[in-house]
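Residue numbers are given in my numbering: position 23 of the sequence shown equals residue 141, and the series is strictly consecutive.
Treat each hint with caution, since some may be false.
Unchecked claim - Per label pair, the in silico range of CB-to-CB distance: (1) Ile155 to Gln193: 53 to 59 angstroms; (2) Leu167 to Val189: 31 to 37 angstroms; (3) Ala182 to Ala123: 53 to 59 angstroms; (4) Ile155 to Ser179: 48 to 54 angstroms; (5) Arg126 to Cys171: 55 to 61 angstroms; (6) Glu196 to Arg160: 50 to 56 angstroms.
Everything labelled a hint here was simulated from the structure, so no lab data went into it. Here a beta-carbon is modelled for each residue, glycine too, at the ideal position from N, C-alpha and C.
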Amino acid sequence: MATSALPRWLSNPSSNTGKNPVLTLTLSPSTASSQNIEEEARPLFDVLLADYCREMEQGHSSWAAHRKEAVWRLQRVEL
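The whole structure should be built from the sequences, with the hints applied where relevant.
So this is what it looks like as structure tokens:
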């Protein structure tokens with residue numbers, strides 16, 4: 119039988135003594151400040167924001183052209 123990656127108390131519930139396992143989490147101080155991370159990420163954010171705005175503007179222009187053509191076609195049909 120292959121060795122289980124699960125802890126003993128979880129892989130063999132019948133051997134459980136009734137005690138729940140205890141887990142303690144601690145936080146250690148970060149080596150980089152959040153301000154440094156924000157400063158490093160700022161140029162990337164600006165580039166992404168500019169790209170999204172450009173895509174939004176292109177989509178709006180495309181939609182406006184489509185709408186203008188659709189209105190023109192509907193007017194032609196009504197004549």
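We went through each hint and held it up to the structure:
| no. | hint | result |
| --- | --- | --- |
| 1 | Ile155 to Gln193: 53 to 59 angstroms | holds (56 angstroms) |
| 2 | Leu167 to Val189: 31 to 37 angstroms | holds (33 angstroms) |
| 3 | Ala182 to Ala123: 53 to 59 angstroms | holds (58 angstroms) |
| 4 | Ile155 to Ser179: 48 to 54 angstroms | violated (36 angstroms) |
| 5 | Arg126 to Cys171: 55 to 61 angstroms | holds (56 angstroms) |
| 6 | Glu196 to Arg160: 50 to 56 angstroms | holds (53 angstroms) |
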